[in-house]
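Colleague: Please construct the entire structure, taking both the sequences and the accompanying hints into account.
Below, each chain spelled out in residue letters.
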Amino acid sequence: MLDPVIQNFLNERKANWLKSRLKNKTEAEQALIEQEATDKYALATWLPDAAKRARQLSLTSHPGKFSHPDAKTSSIISDAQQSADGFLRTGNAKVNLDVFVGNAAALDVHKFLSLKLADGNTILNHLENKTAAIKQQFSISTATFSDIEQGLLAIKQDSHPCTTTDGKLKQVYFPLAGDDYHLLSILSPSGLLFKLKHQINNIRFSDEAKVARKSRKDNHAHEQGFADIYGLSAIGYGGSNKQNISVLNSQNGGIAYLLPSMPPELNPRTTQPPKTNFFGKFLWLKPYEEDFQKFHQLLVHGKPNIHTRQQRDWLIRSIIYQVIDYAWLIRRLEPGWSITETYQQLPQYQKIWLDEHHAPVRSEDTQWLDNVKQELANWFIRAYDKIIEEKKLGLGDEQLPHIKAIINDCENALQ
Amino acid sequence: MAKKDNIASVLAFEKKFVPSDGFMYGTTWEQRHDSAVVLKLQEKSVRGTISNRITKAAIKNDPLKLNAEVEKANLQRVDSCALSPNQDTLKLQFTLKILSGVQQPSACNNQAFNESYTQAANNYIETEGFNELAKRYAMNIANARFLWRNRVGAENIEVQVKKLNGDEEQSWTFDATKFSIRNFDHNDASIDTLAEKIAAALSGADDFLLLEINAYAQIGKAQDVYPSEELVLDKSSGSSKGKKSKILYSINDIAGMHSQKIGNALRTIDTWYPEYLEANTGPIAIEPYGAVTNLGKAYRTPKAKADFFTLFDRFARGESLEDKNDTHYVMAVLVRGGVFGESTKD
Amino acid sequence: MKKILLIPQIEILNANALSSPYTIGFPAMTAWLGATHALERQLREMDYPNLRFKSMAVVCHHINLQTYKGAGDYVHSIIGTGNPLDKTGKRPSFIEEARCHLTVSLIMECEGLGFIDEDEFTDATVQLLRGKMKLAGGDILKTAQAKLQEIDDEAEHKALMRSLMPGHCLIERRDLMQQAMATGQDAIDALLDYLKVTHRSHVDEQEKITWHSERKEKGWIVPIATGFHGISELGQAKNQRDPETPHRFAESIITLGEFIMPYRVTDLDQMLWHYHTDLNTNLYLCQQNKQVNLSST
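Residue numbers (this note's numbering), protein chains in the order written: chain X, 1 to 415; chain F, 1 to 346; chain Y, 1 to 297.
These aren't lab readings, by the way, just hints derived from the structure by calculation. Since this is a predicted model, take the numbers as computed values, not measurements. Heads up, a few of these hints could be off.
[Unchecked claim] Below are the DMTMM-like pairs computed for lysine to aspartate or glutamate, each with C-alpha atoms no more than 20 Å apart in a straight line:
| # | chain 1 | residue 1 | chain 2 | residue 2 |
| --- | --- | --- | --- | --- |
| 1 | F | K163 | Y | E11 |
| 2 | Y | K208 | X | E411 |
| 3 | X | K170 | Y | E233 |
Modeller: Here is the structure:
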């Protein structure tokens, strides 16, 4: 018996074909047309025809048209192996092959090959393994199994007689040891591009995420919470001819996402310099809590050995670094901000430190720098006291020298 | 004709005219050399009137509904840019780098082709020395064509050019209103000296030339100025309501002109295309098919055998083109740069 | 001791911001190493035949990405450049190109310079950069004067780092991806786990609800393009740009990186990158001379 999945597929195509043809016809005419459709979409007719058309498509993991809409390249199927090497590349995430479309009229063949039979394997899988099941399904009077198999599997063959790249692709010389090079034609793995998009949309728009997002809006608790990916850009492939790029492109509306890969930039509109004291409430403690907690745990529970001391110094440095990074962001503001009345209560040494307007006088007298270092150390101790609250240890004499030493170490970043 | 064993399927040239973006400042004509203030973009809401024909019968035939519909706030948000009330002069500043090495493609995968092309290009440099092209490029600096719409109706336009590289200092000042943008027939000694510098760079006598260009256009107090418009390839799929309908270019908060737009003006030197005399379009930008974007028209078609690829195929293989102007055109496209592999020509 | 060539404050217009098919922003490491290699080749052809730039670092002082996000848009859109019309006067289809304008400083570790006139060398370098070269596909508008320096002790190192401020240098954080993938995550999930911001609610003793947001790892962690992965056999292909060099198809690869301010770098090797090819795994990489220890554990 024909697998119901195949039967349904043929029925659907038949119904589709009939839809536009039956209108305004007499009953006799309709009967004729129906007969024609029944013949056309019988497996014995459709299958040999599909086997002929399969060559107009080719499966590939890296369609060339993502690099240029007119690029004509070999249809590569990469068989790269998985490895926990830390790279997003083909082989390190499961994706389906894409389809290069030589002729859009043959796309039904790809759909057919992707059908999953009762055992969960696709028709293509079955053909590749020449299973008894598929031989049985494809036993028809009009063609031999091997003709059909070869015809359909042409979808896995490259239509180019020899390996072909294209001048429109980026071709990169990569230097090897010695003075040799390899020439790399760069292609895009469309399966990975769209899996990435799919996963991002999952994070943002899944039903669970929607429920959790609503909870936050209403200030209700939610056990799992939810996540966001910020700063995405979208890129379009193929314009109004998405289907010409590839099947996956068409299925994804011709749009893929790009993750932001940018250094931190100060937004002058949202950054305000301190009005009275950089080391006061201006330095919001929240981002430092985690490091201070770890620091505290280390002081309380750490064994007195070199490892503990290194950990401790690492944490102090991490905290100091964050403060200095912040100060540098303020330095990027339009010079001269501190001269205005708004900032008249800010101590002079902080103005010299934070406003690039004062850059020329920084080397004249370093009293301001000593002040900054002293106040930074004081802030460190105050912040620790505040975050750790009642369980705190007096940092005082024991830790202060380490803190000061590390601040001294960063001196050139404060200047 | 073309022999088939010397086909370069990969062939590319870097551009030799490298303008920066243009920065816009406001000043007064009297103070133009002393001080200028950056021009910033402003966002405006414009209340457009309903100008499309109302077709829904229910609305058309009910005066109350019709009124409501017409008065519906057709709010559009647009960027704009203007001089302040005490400024009457736009200053546009950019740098322009002109490079040598047009005889070497940046990529070419056929040795025989490469050799015959280099030979042809060297011949051109020897016999023509880029003089004709350089003169036209110099003219397009002097006539301030790169101001585009900002040039229209200006009372006075001055262009100052300063050479930034090399040891000897050199500078030029042009009264742009004296030079036509319709033809290149002018004879002017200072244009000639600027052209000499450009030709020396293009032909490789000098490594490169770096110019700073300051143009001043007296357009009137508080007048609108026209930075480049951004081409946003919108993928946001948000509703079109409340979207900005015009986005202008700015760099670090200074209104700007795209480098590409300046480059396009500088290479608007093609008066050699077939329909030049009849079309009354004037000089067009050097492009492989002589395409003019705002007209949606290509003046140099393969059918007329006037396109770059047809001419270049012959030129690069050592044929001499009957019309010297065709050779000028071919060299000008190479100065523009691009990807010209042979399989791409169709 | 290291001898370095410092080229400060290079202004680049319209650099390629599409660092891989997955990322947009700061140009790919392969572009910076590629430019370094091209510069080395040109200098070797001049008077410095034994010169090698063993490794290099890039510090970004300023970057302006050409994208646009309207009020209420979920994603940014790329700002394009008008592509030329074809022979019928129509706009041909094209792949969107993302661009950025940026200012960077480059540091190149030199070897084999020999006994030379250093001013002549730095002048030649700047002349090549201004007159012949492109960087990351963009045009070089300006550079400051290049300098040759010896970095021998801590004071010299610190002075160099100070001269690179303010700015951010790119550090590889492949270790994070490796750790996550070792636990069985696939590359996409491993990557996104470090990029996403998670919002969780917390209920205190008084039943007061607060929501807070966090990322998996501290620091400015971003995806970066660091090389290529060969996806076909080496051989000859029709239409390759040079028939003499072995050819294969490849894809861009990305991993995690971190932007840090140079003052945090205690050893120059922590910011320097070099080429590394592993033909067993078909990887063509830019990797760091030395990993920075940025994790507290």
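Colleague: With reference to the structure, classify each hint as holding or not holding.
Modeller: Hints versus structure:
1. In summary, the hint linking F/K163 to Y/E11 is supported, as the alpha carbons are separated by about 19 Å, within the 20 Å threshold.
2. Taken as a hint, the Y/K208 and X/E411 pair is broken in the structure, with Cα atoms around 43 Å apart against an allowance of 20 Å.
3. A C-alpha spacing of about 18 Å is found between X/K170 and Y/E233, which places the hinted pair at or below 20 Å, so the restraint holds.
This entry does not satisfy hint 2, going by the numbered hints stated previously; all others are met.
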